[in-house]
Amino acid sequence: MTQMVDYADAVRRYDPVLGIEVHVELGTRTKMFCAAEVEFGGEPNTQTTPVSLGLPGALPVVNGTAVEYAIRIGLALNCQIAESCRFARKNYFYPDVPKNFQTSQYDEPIAFDGWLDVELEDGTVHRVEIERAHMEEDAGKNTHVGGSTGRIHGAEYSLVDYNRAGIPLVEIVTKPITGVGDRAPEVARAYVQALRDIFRALDVSEAKMERGNVRADVNVSLRPTPESPLGTRTETKNVNSFRSVERVVRHEISRQAGALDAGRTIVQETRHWHEDTGTTTSGRVKSDAEDYRYFPEPDLVPVEPSREWVEEIRATLPELPQARRRRLQTEWGYADAEMRDVVNAGAIELIEATVAAGSSPAAARKWWMGELARRAKQDERELADLPITPAQIGELQGLVDSGRINDKIARQVLDGVLAGEGDPEAVVVARGLEIVSDDGALLAAIDEALAAQPDVVEKVRGGNQGPVGAIIGAVMKATRGQADAKRVRELVLERIGA
Amino acid sequence: MTDLTRLSAAVLAEKLRAGEVTSVEVTQACLDRIAAVEPAVHAYLHVSADEALATARDVDARRAAGEELHPLAGVPIAVKDVVVTRGMPSTAGSKILEGWVPPYDATLVERIRAAGMPILGKTNMDEFAMGSSTEHSAYGNTHNPWDLERIPGGSGGGSAAAVAAFTAPLAIGTDTGGSIRQPGAVTGTVGVKPTYGGVSRYGLIALASSLDQAGPVTRTVLDSALLHELIGGHDPRDSTSIPEPLPDLVGAARRGAQGDLSGVTVGVVTQLQGEGYQPGVQARFEESLELLTKAGAKVVEVSCPHFEYALAAYYLILPAEASSNLAKFDGMRFGLRVEPEDGPVTAERVMAATRGAGFGDEVKRRIILGTYALSAGYYDAYYGSAQKVRTLIQQDFDAAFEQADVLVSPTSPTTAFKLGEKLDDPLAMYLNDVATIPANLAGIPGISVPNGLSVPPEGGDALPTGFQVLAPAKADDRLYRVGAALEAALESRWGGPLLDRAPDLG
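As given, the protein sequences belong to chains A and B, one line each in that order.
Going by the UniProt record's numbering, the final residue of the first sequence carries number 498, and the count climbs one at a time with no gaps.
Going by the UniProt record's numbering, the final residue of the second sequence carries number 506, and the count climbs one at a time with no gaps.
Certain hints may be false.
[What the hints assert, rightly or not] Straight line, CA to CA, 25 Å or less: simulated SDA-like cross-link-like pairs of lysine to any residue:
1) K364(B) - D291(A)
2) K141(A) - P344(B)
3) K237(A) - R284(A)
Read the hints as simulated data drawn from the structure, not as lab findings.
Fair warning: this is a prediction, and the values are worked out from it, not measured in the lab.
Sequences are here, hints too, so could you generate the full structure?
Right, dumping it as structure tokens:
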């Protein structure tokens, strides 16, 4: 077992280079090459046709919507869109590939030569060059039954579900990502996260990491200095969360540095990521023996998106996440650091909706990044998962703005909403939290307080306003905090005649 | 009483429409004929008598009710076993698909069913359409009705023999390198390979996707046109299907039958005659040329210099595509499943055992060839070069069609050879398709029309020869015009169809 090198030490002595392949399942209604309907969670082998089962005689037909989605992705990643491109067959025998070949684009991707600016948490921007984005079909899903690991080794038998077979995928391949140094893990994570946000903004995929809609293969290599030739890379497959992407890069840097320190060479291989131990283990060694015998798919004609169509798609692209962030920051008047915190907390949509519900941007940020962030952290849940909606926060802030409750009461109202007692208005009424703005009721409380503290009255009349607070405090206590303190002060002074 | 089995589809269709016969009568006549001659011919792998009669009864009832029916409604048909048929076995002549019953119909089968044509059964063929004699079927030989000791051609020997033996007026074939036309030539029947993309390939068990094309197998040129119009035309389920409508094929056949070919230039391809062609085959070919000239056609000689590489290119492209197309036969989802005799039962070992047991030698030979041709490091030298040759052959055709409206040649260099004669010599077998392969490589249409008899070099009874007509892509109508003109001229010389001279097997 290779000695792991401390991460900071590793990146001091080696220059890491990344390459990331991201697969995204497109959210089309039907599959890449047939009319089988796609829906998450169906009974096994119910979403199939002769085509996606690879039955003799069946032929593929390209899903036009999938092509459109692929072009959208390509354009969002600043890629060139091919005028003509073909599918190829990638031949290999495996039971989850019904035809024993995967129909995939090979040397003629639909999109190529792009880039994406990736912003790290501290605001540093790193440009990731995109090599290509190509279309392909997903494989079925194997379940290995028996044995302890759930892996094929030691299993008694395996089941195959072809519902996933033929779901359209777009694979996005970066050029080598260099010059990132010790920030390599962050860049990797931020890149995959940025892609996920783009997929959602483009509405081409639900892009749920936990469902495997987005999967990353992470390539890492080390070299002594940025001037050295690229080192041998390893490819860690099917990394399914942002956090794991970051951890894989970190782990591989430490592991490879250890191997290189020990004078060993890195083997070009596929590695598996183990979430539980935070380590990778060796998979299959990539060698010349792996020959997919690619050749152009003779059952399909070339895909030739007209320039008019491409421009039409470009013109109707939605606002992308980065541009949207910049626009909203300007509209909301947030400082850079404030905006970054909002982004990192995943609160953009929440704040946007809260503002739409009538709140000021400042108040919306105050709620979501303050009290609500605190409660989310306390409950160990995401902000968006709190049982309160932006509309309710907007309503709550409206109550404060109109002076019907004060900030302190608002927190009690929040408690009520979070406890499921209904909308803010209803909570205010039910809990009787409305500010006492009836001067008569206040005056009664004030007179009572004045009578109880004649010494204070004397002092104030003598020109010392300091002790007025004691009277106000007594009034507030008497009204259970529901009085407007400012008004109480005015009335007290009026009453004393000072 | 007329023997219904000897009538052409066009005549049967007319009699059915006129109410002179019923589909049940016609279908039953075919089934009776099958019962009588099948023991000797073995053209069918599966006979679907009950289903055919049910269709016949249904169409008779609909006709009686005054329903508007397709012109071929009630005319029975046989279908090559490489075409998938819902609820009917479809083995493609292979053990690996023994017992598989497809859950869906090929597009052309849907059209046949929609037209109300009773499907008599599935016809024998070389395994996965690999062969020129039907001897590579896993289910026994089909015998040539002209001489039961001889091959019926291949791969579609079953369809050709069924039609030649009068067990079906019509049949479906598929042609990847000549599998419709060469069996037509050696059995005295008409066979048409349409323009690539002219008939949907959806539901054809693929041999070589860029070469395969289904087409009609019949006894007359007009019958082929009628069937071609039914099964042809655009299909959105086949991406390579031609979107434009078919030309008027039946009209072209009727026009040709009137015998006037004035204004038509016929190009004789220098490279598709002479050496390697039997003298009798060559003689019949030249006589046919004279008849075309008499009908008013102008005959010119054209050269297609790259045809000499066609066979080599074909035997790289076909195995390469086949090696990939046949990968799905692995015992995992359908068909034969063989577990290894000893050792662990893993997916990989089941796949290997199934493929080892399920595929015949010719199939294995071509899978190995194709796998090799696509391998890294060899791709450019083999598959890549073959594709370049393919382009050159297309250019040869383009140039030739600048000089002629149609091109002609003998369909096959020889008459039917004896069963077993070439079984151990794959190269000799492959040479049988030398004249038909270029059309597949270029995607152009071709027809084979029976054009006489020739005594084989070793002596014995005279055997049929075929005349091939080739046309530019999407100009399939020219095949029918020239083919029908030649057929009319020959039949008037012979005083009837060539098949009248075939032995009566009954």
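To see whether the hints hold, each was checked on the structure:
Taken as a hint, the K364(B) and D291(A) pair is honoured in the structure, with Cα atoms around 19 Å apart against an allowance of 25 Å. Restraint check for K141(A) and P344(B): satisfied, since their Cα atoms lie roughly 22 Å apart, inside the 25 Å limit. Straight-line distance between C-alpha atoms of K237(A) and R284(A) comes to about 11 Å, which keeps the hinted pair within the 25 Å bound.
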